[in-house]
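Starting from the known structure of chain H, arrange chain S on it as the hints suggest.
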Amino acid sequence: MGFKIVRLANFIGEEASIYSIFDEIDDSTLLDRFIKENIVAFKSEILDIVKRLKTINTITGAKEYFFKLDEGLPGDGVCALYDNPDSHLRLYCIRYGNSLVIIGGGGEKRKEIRTWQESEKLAKEANRMIGISKKITLRIKEREIEFEENGTKLTGNLEFYEDEEIS
Amino acid sequence: MKKSAEKYHSEVLDEVFAEITPEEQRKADYRMQLAAKIFDAMKSKNISKLELARKMGKQASVITKWLSGTHNFTADTLFEIGGILGIQLLNIVREDMNPVVSHYHLMVSDSGDNQYIAVKKIENDGSQNQP
Numbered sequence: 001m002g003f004k005i006v007r008l009a010n011f012i013g014e015e016a017s018i019y020s021i022f023d024e025i026d027d028s029t030l031l032d033r034f035i036k037e038n039i040v041a042f043k044s045e046i047l048d049i050v051k052r053l054k055t056i057n058t059i060t061g062a063k064e065y066f067f068k069l070d071e072g073l074p075g076d077g078v079c080a081l082y083d084n085p086d087s088h089l090r091l092y093c094i095r096y097g098n099s100l101v102i103i104g105g106g107g108e109k110r111k112e113i114r115t116w117q118e119s120e121k122l123a124k125e126a127n128r129m130i131g132i133s134k135k136i137t138l139r140i141k142e143r144e145i146e147f148e149e150n151g152t153k154l155t156g157n158l159e160f161y162e163d164e165e166i167s
Numbered sequence: 001m002k003k004s005a006e007k008y009h010s011e012v013l014d015e016v017f018a019e020i021t022p023e024e025q026r027k028a029d030y031r032m033q034l035a036a037k038i039f040d041a042m043k044s045k046n047i048s049k050l051e052l053a054r055k056m057g058k059q060a061s062v063i064t065k066w067l068s069g070t071h072n073f074t075a076d077t078l079f080e081i082g083g084i085l086g087i088q089l090l091n092i093v094r095e096d097m098n099p100v101v102s103h104y105h106l107m108v109s110d111s112g113d114n115q116y117i118a119v120k121k122i123e124n125d126g127s128q129n130q131p
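From first to last, the protein sequence lines are chains H and S.
So in the numbering used here, the last one in the first sequence is 167, and the numbering has no gaps at all.
So in the numbering used here, the last one in the second sequence is 131, and the numbering has no gaps at all.
Treat the hints with care, as some may be off.
In silico DSSO-like pairs for lysine-lysine, Cα to Cα no more than 30 Å straight-line [said to hold, decoys possible]:
| # | chain 1 | residue 1 | chain 2 | residue 2 |
| --- | --- | --- | --- | --- |
| 1 | H | Lys68 | S | Lys49 |
| 2 | S | Lys121 | H | Lys135 |
| 3 | S | Lys49 | S | Lys65 |
| 4 | H | Lys43 | H | Lys121 |
| 5 | S | Lys27 | S | Lys43 |
| 6 | H | Lys4 | H | Lys36 |
| 7 | S | Lys7 | H | Lys134 |
| 8 | S | Lys55 | S | Lys45 |
| 9 | H | Lys134 | H | Lys121 |
| 10 | H | Lys68 | S | Lys121 |
| 11 | H | Lys141 | S | Lys7 |
| 12 | H | Lys134 | H | Lys36 |
| 13 | H | Lys68 | H | Lys141 |
| 14 | S | Lys27 | S | Lys3 |
| 15 | S | Lys3 | H | Lys4 |
| 16 | H | Lys124 | H | Lys135 |
| 17 | S | Lys2 | S | Lys37 |
| 18 | S | Lys37 | H | Lys153 |
| 19 | S | Lys49 | H | Lys111 |
| 20 | H | Lys141 | S | Lys2 |
| 21 | S | Lys45 | H | Lys68 |
| 22 | H | Lys43 | S | Lys37 |
| 23 | S | Lys2 | H | Lys153 |
| 24 | H | Lys111 | H | Lys68 |
| 25 | H | Lys124 | S | Lys7 |
Covered by chain H, according to a simulated footprint, are these stretches of chain S (three or more residues, beta-carbon under 8 Å) [stated by the list, open to error]:
| # | region |
| --- | --- |
| 26 | 6–17 |
| 27 | 29–36 |
| 28 | 60–72 |
Simulated from the structure, these hints should not be mistaken for laboratory data.
Virtual Cβ for every residue (Gly too), placed ideally from N, Cα, C.
Chain H with its partners taken away, still in its complex shape:
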């Protein structure tokens, strides 16, 4: 069992495509799980995040200044949707230019925590996206995954095994 990259059909705009990771064990996407985990405690923040994703999808594209960059390893594209210092949630993504973003998971960033490494939940979610980014990069290098239609579309082998080796 593993995961696959899926395009979220709820976002029908053309400025940037919104993808997520479908986890075959959870039978859910990481974005759905993030919403379900946080909608009760932080409903207004979830609504705000979804509104911003819709604007990115339909109007602005995934401009880099809408994200907190460099949340992963250098050059791996792992970032987080910008969160205000006084907000409670962090949502990790992998951004491929202005045209495509893969939404991952996230969680609560408690006030006493300065970096994701200090939070078990955020560390797990960030590390997962770092691992996924590595796997995607490897397949891009091997031309198993390609970007099409001006970088708005991912094609190729988008299904992965969790224990797949990364060389």
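Chain S in isolation, oriented as in the chain H frame:
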């Protein structure tokens, strides 16, 4: 031809979308477009985030927040940013009202002792009314 990503329709997202009014979405759209307009002006004027922060007397993190598309600007702040970047972020020009245009057809008749002037208003749809 390579296989496209599978499309996934999320019912969870549908439920969230249902809670967002069109007006709330337009506000989010506006904030993010405003951020994009500020960034584009910074780029075209070659003004860095640090430089804008210095000119505005703010920390660089404040500019990051402004550009995030989440900030609710005051009119004063937009006025100051617009002044530095040379762009109009607040449009206070009155929109012109639709002008009222009337056309009249003036006829002067002179037949001996019976001189008269007749004025006929020509309506916009082309029909004519007696005054």
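query: Is Lys55(S) close enough to Lys45(S), meaning Cα to Cα at most 30 Å?
result: Distance of about 14 Å is within 30 Å: holds.
- request: Given that the region 60–72 of chain S was listed as covered by chain H, double-check it with a C-beta distance under 8 Å for 3 or more residues.
  value: Per the Cβ count (6), the hint holds.
message: With the threshold set at 30 Å, check whether the alpha-carbon distance from Lys121(S) to Lys135(H) stays at or below it.
response: violated (78 Å)
message: Does Lys141(H) sit within 30 Å of Lys68(H), going by the straight-line distance between their CA atoms?
response: Given that 30 Å is the threshold and the Cα spacing comes to 26 Å, the pair holds.
- prompt: For the pair supplied as a hint, Lys27(S) and Lys43(S), is the alpha-carbon distance within the 30 Å limit?
  reply: Given that 30 Å is the threshold and the Cα spacing comes to 24 Å, the pair holds.
query: Given the hinted pair Lys27(S) and Lys3(S), is their alpha-carbon gap at most 30 Å?
result: With Cα atoms ~37 Å apart, Lys27(S) and Lys3(S) exceed 30 Å; violated.
message: Between the alpha carbons of Lys43(H) and Lys121(H), is the straight-line distance 30 Å or under?
response: Cα-Cα ~19 Å, so holds.
- prompt: Taking only the CA atoms, is the gap from Lys49(S) to Lys111(H) under or equal to 30 Å?
  reply: Distance of about 26 Å is within 30 Å: holds.
- prompt: Under the criterion that the straight-line Cα-Cα distance not exceed 30 Å, is the pair Lys124(H), Lys7(S) satisfied?
  reply: holds (26 Å)
message: Can you confirm whether the C-alpha distance between Lys2(S) and Lys37(S) stays at or below 30 Å?
response: violated (37 Å)
message: Need the status of pair Lys134(H), Lys121(H): alpha-carbon distance at most 30 Å?
response: holds (20 Å)
- request: Assess, step by step, whether the Cα of Lys141(H) is no farther than 30 Å from the Cα of Lys7(S), and give holds or violated.
  value: holds (24 Å)
Violation of the numbered hints given earlier is confined to hints 2, 10, 14, 17; the remaining hints are satisfied by the structure.
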